[in-house]
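J.: Fit chain X to the supplied structure of chain U, relying on the hints for placement.
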Amino acid sequence: PAEEAAAPPETPAPPAGNLASEYTEKGADTCIKCHDEDSEFPVFSIFKTKHAQRADKRTPFAGLQCETCHGPGANHAKKVRPGEKQAPIIAFGPRSKLAPDKINPVPVAEQNRICLNCHRGDARIGWNASAHDSNDVACVRCHKIHAARDAVLATATQAEVCEKCHLKERADFHKPSVHPVRFGQMACSECHNPHGANTDALLAQPTVNQTCYTCHAEKRGPFLWEHAPVTEDCTLCHTPHGSIYPALLKKNLPLLCQQCHTVAGHPSVARTADSLPGGVGGPSEFLLAGSCTNCHSQVHGSNSPSGVKLMR
Amino acid sequence: AGLGAQPLVDTSQWLCKYCTFEKGWSGTVDLGATYVSEDSFKFGEYTGLNKKGAYFLGDGSARFRGEDANYWNIEATDLGLDSRSVSLEGGQQGAVTLFLNYKELPHFISDSAVTPYFGTGSRSLTLPTGWVPAGTTGGMSALPGSLHEVDLETKRTRIGMGVSLIPATNWRYSLNFREETKEGTQRVAGTFFFNSAQLVMPVDYVTDQIDASASYSGRQLQAKFAYYGSTFNNKNQSLTWQNAYTPLLGGATEGQLALPPDNQFHQLLASLGYQFSEKTRGTADIAFGRMTQDDPFLPPTLNASLGAPNPPRDSLAGKVDTTNASLKLVSAVTGQMQLNAAYTYNDRNNKTPQAAYVWVTTDSFVNAPRTNLPYSFTQNTIKLSADYRFTPRLKTSVGYDHDTHERTFQETDKTREDTYWARLIARSRENIDLTFKLSHAQRDQSNYVPVPEITPPENPLLVKYYMANRTRDSAGIRVDVAATDSVTVGLGADVSRDDYPDSALGLTNGSDFVLSADVSAMLTKKTSLHFFLNHEEIDSKQAGSQSFSTADWFAENNDKIDVFGVGVKHSVLENKLDVGADYTTSRSTGAINLDTGTPTATFPDLVTLLDSVKLYATYHLKDNISLHGAYWYERYDSKNWMLDGVTPSTIPNVLAFGEQPPSYHVNVISLSMRYKF
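Protein chains in written order, with the working numbering: chain U, 1 to 312; chain X, 1 to 677.
Chain X with its partners taken away, still in its complex shape:
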């Protein structure tokens, strides 16, 4: 219908007779096998290649193009792995679209944990019969004989479906639903006084999400109205575990942790865009949401001998209203100059009722009541900027941002931050693009006072870093050079520094420095090369006071990360044999230095090292059949003093998992055949 507005062009001879529009089915099927040489959760962390052995390789895609814009797209990926996915999309283009998808996503967390507890994966962890409680882990005589391995892993399974309709020109209605289950085990810990144990937490979550929207896309006005709903359901409300230690106080033989409660979030959203004129455009977004949580409370303790009173309510009736709004106005006031103004409002209004709760310390003794603090936040941001284009090849921008954060039940009611920035984008005649940006920000708070309701109190000299006075300076440069028609080079450097001048305790400064390089080159018509390099340093300093007065210890963190990668692709025989190779290496060190004024041992660096080599070749046997072979070697090593040499009984008062930092050497060989139809 809208085509009527086309200019008068005589298209009677525009027959498109050479246009090769698609019809019918086409696609590919990949079938093969892969072999992994070693068990390693870290290697297969998100892919499912975590066990030694052979795996089926199955991928495929198919598409159908019919009359009247009917179409179907089907994709299947990694069918033989725990990360498999299948998706289906189709309908009639321009009228109706349907989709259905299925995806599994594993997370292999740890394969080196051991525990004496039975019932892992359930909501109740029990010690073996014949367990002899002791004051320390070293005294637990039954421990060595009762340790068994436990894998920590989760798997997400996601099913999504949706439909969208185009009922009229410029309109679209859409309804999407997604259900995601997450099942498995994660790391948690439970304590009785200072005697703790690392525990296996059951994960059995279902999250349902619905998106319903109507959108309009007119020439002058664009609008979208939507509802978003999300419900979270946890099949386990709590985790109970038996105390492996001799209870310090009578009756503390069993503990209970609350697991994440069921909750819901519902939100109504609207977005508008309006073209006031060719030069001026405004947009607005608004979203009203409500988070609720009303799971029944657990008892304050399983220790009946304490006689702890019941909570003042049966459930929280937790309710948080969220409001998110933004307005933006953009106007090209002249051919050269554009002015931009934006305002954002984000509010989290916590309406959860307050009450005084008598609480029990680690199932061991009853405390004086504490009142819950339902935190609320309000953020207001104004951003003003101007872009000025001196020439088509030179543009500068300057901007000012003003940001305020208001908080309840926290040390300071309000922080304000002003940011000034400038940017230059230049393009030279020699095909060099350059972007340079500078910014300076100053954040101030007023009247920082420790929260009276929180006991015992924090040191009055502490200023928490996210509310502290801060100056932040940053600079970044990016250069892209199209050196020749076949070689492009990208170089970048970014530096940022934060100072907290008025923080006697806590974080006092931080900095981040990044250097990046990227080169792509078509060496010949048959050979391409790609190379990238990245170096990053993250430093920070903080101060503490063990005497609960002025700073008497200082800590410094220095992290260094290097990543380097190179890849080559080469066509040995045109349309017959393609080969390629990739090498990636990544190294990181985390150095921590503590200065307490007296000599102490120094921390070994936290170290990770990853080397990966991939070789691959594709041989086109026929027009519709090709063979693909790949060899992949990867090694990983890590040192982490939090875990190195820590067995279940190393720490007298932590019954630890005894996990060791991951390390592997894995060889992977895969062979597959692709059939094209």
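Same shape as in the complex, but just chain U:
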């Protein structure tokens, strides 16, 4: 919730394409005449947002009001004959009708530049050439500027916004073992920085493990007896969004462990369904209940002098 160090709009949005460069006579009062609550593009909810705070000199309404972001609007505000179209103005979003050209609206990069004009610091330092930038994602694809509440900024509603594009992740959060995102208890941005970071998967911390430790600090150690893949990367065994196996594991035990553990004796034995209850082999400690973790329960590391086999 911390306020960002937004820079004031030192220069207004540059006119793009065939847009005019002349400002309206009365600023927002000119715009509001048409853009009332019954119009196709109502704008009044902007007055419930931080952008409409004249006492904060950094905001659009302390500057050129609507035209701070939408550019000079005199031409657009001119009266037209019935059936005739208004002259275009900078509009945001992928399909804005009054964009300079319906097929070629203001390019995403141009739209974003208008936002970045002020919002260029802090978490957005690395925006350029980040995953969302490279994929031509407009700021307004996620953020609702003319809304009292921007859904992407609230924990309970953020995931719905992200999942509009991240369809696989939405399905992942319907799996039986998940982080509590679907229940509105956790936001995507607790782990990810959507504005760009030079990390894998836009992680908010420098590495996967540092990200996980922000909530799972008990796994940080360092332990006397470390389990090598655990210290390297949590995602070698776990999947972060959802799994059909308990504890967000990528695979069922004992096969998960047997991908790496082949020493002579019990770890290398094929555990078949013969060892299920009622099977010919009798119910097996290697397969049932906690499987390998029935004995090796300290898989994340142990600080006991006798914990070398992760059993103490």
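It is possible that some hints are incorrect.
What the hints assert, rightly or not - If you anchor each label on the Cβ, the simulated ranges turn out as follows: (1) U:Pro42 with X:Leu384: 41 to 49 Å; (2) U:Ser45 with X:Val613: 29 to 37 Å; (3) U:Gly279 with X:Ala226: 54 to 62 Å; (4) X:Ser446 with U:Ala264: 21 to 29 Å; (5) U:Lys78 with X:Gly567: 36 to 44 Å; (6) X:His570 with U:Gly278: 51 to 59 Å.
What the hints assert, rightly or not - Within a straight-line C-alpha distance of at most 20 Å, the following computed PhoX-like cross-link-like pairs (lysine-lysine) qualify: (7) U:Lys219 with X:Lys17; (8) X:Lys103 with X:Lys155; (9) X:Lys541 with U:Lys250; (10) X:Lys17 with U:Lys26; (11) U:Lys250 with X:Lys639.
Derived by calculation from the structure, the hints in this document are not laboratory data.
All C-beta atoms, glycine included, are put in the ideal place defined by N, C-alpha and C.
T.: Chain X in isolation, oriented as in the chain U frame:
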């Protein structure tokens, strides 16, 4: 101040007299009740709706807008549930912001566990008086009479507070603090030789985190300097439990597990962004951190008869230095072409002292000493890519990533991976957006040798999958169609395949295939429809050797997951009555096949099934009062052969919790009233 740089626009008539700026207080209060028809930890896993009965529903929000940009926002959610939260934020916009928040987050893990142990939730588990130890669980004569239910659940309680100041244009200082306690119980297990018991582990953690930062956001230069500190404190250092079995060796009557030790992490971070020119931008991040852990060691055993020597040190003096750095340069060399280069360095330098520790196997006998292996890792990544925009509607990108991982005390010192990728983003005149991506990666390692310090050794034919030679091919396509002004369709398909050509044992290949569809439609001005569908298949193969030679068994995993959802919203009477319905279903199967060369029984599928129906209606009684009613039915069923039919005494040498896979049919009815002010 910066507004001085505005162009000369005569704004003397820009009075904003029609601007409806907010003033004073406004908000909403929701009060009501909900009824849940059945006890189920799985249903209420993260929400707290885990018990049959009535719950108070309380939510609210309030905002204040005053003169001089003063403001307050207050939010309260789920006040009647174990997932309640309250937050408060305010100050003077553009000058100072304060926040304070409180959040509870439950995790209801299991409601079907039973145990004979007393003291659950404490650091000492004891058997009931009159317990008769036996060689197997079936022989424990006092077991049936002493089993009692034990709930496994944790609760996080998070208190956060912070302040941020804008002391001057473009600057911000911020200080945030968060304390999180996690209390409750979790599943663990303890063993004496091959005789184990599932145990209740006490969870009583406190994690404090501090973030302090100063950031500058200039036109050309942006910078952020920060300190991050995190301390973890566990109120229980160990868990001791009595041996329910007849000790195989004398004196092994009690065991002790080490619980996660107290630890700390401190980190200094800096981020810089510099706009060299309109076309060229560079960013850099660097973070130096140190993790430490120095909790006193437990004794190697509680079994005094073994005469085990004390550890060579009193505590670990564990110390790991982390360095994370990255550099990125982006340049739009022409109007059409952008070149990107990034370098990342991640280092975990484990400086924990090594020593030889005499260790005791499961409190039963003394072993030859083993030396701890403090693992270190270094990762270097270079990413180069070029974007070329043929037309405003067609952009292609190609890239090359080179990644090296270096490790200590592991089978291979270094792995290298080269990834080549290409992407096309196209937008048609018919409002179709298309993204297509292809990538191919090749990872190689050299000189894979089992770690000599680890005994007994792994099979020399094993190559652990995260260090193994690997080819990875993936392709993804995404199509978004704005079919009409009111209908949008999103379709996606992703496929990825990993091959480990040189792994005779271990994981040999894996693949993932995902199909997604999403449709949103405004059917009429009053009715909207939303629908989504997802199908995923995750397959993998691995090989093992029970003869400790070449592969003599093979396993195959095939997971299939289907999720389907549909939702309708309809305005029956404009501004008076809104209704809606959502249906979601999710099914998953996990099939495991083992081929040992001889006929064996086959595993039943691991199955989960979730169906959820929600119906809701909002009736606007007055401008400021509305009534909300909802009915929610959800059923869940699961089959898991690890648990199905496994009672505490099913496995002769595992005193199990006897947990059964969750299953529920829950009906929820809720009614609430919203008052708007």
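J.: For each hint, tell me whether it holds in the structure or not.
T.: Status of each hint after checking the structure:
{"no.": "1", "hint": "U:Pro42 with X:Leu384: 41 to 49 Å", "result": "holds (46 Å)"}
{"no.": "2", "hint": "U:Ser45 with X:Val613: 29 to 37 Å", "result": "holds (33 Å)"}
{"no.": "3", "hint": "U:Gly279 with X:Ala226: 54 to 62 Å", "result": "holds (57 Å)"}
{"no.": "4", "hint": "X:Ser446 with U:Ala264: 21 to 29 Å", "result": "holds (26 Å)"}
{"no.": "5", "hint": "U:Lys78 with X:Gly567: 36 to 44 Å", "result": "holds (42 Å)"}
{"no.": "6", "hint": "X:His570 with U:Gly278: 51 to 59 Å", "result": "holds (52 Å)"}
{"no.": "7", "hint": "U:Lys219 with X:Lys17", "result": "violated (58 Å)"}
{"no.": "8", "hint": "X:Lys103 with X:Lys155", "result": "holds (10 Å)"}
{"no.": "9", "hint": "X:Lys541 with U:Lys250", "result": "holds (13 Å)"}
{"no.": "10", "hint": "X:Lys17 with U:Lys26", "result": "holds (10 Å)"}
{"no.": "11", "hint": "U:Lys250 with X:Lys639", "result": "holds (18 Å)"}
Of the numbered hints stated above, the single one contradicted by the structure is hint 7.
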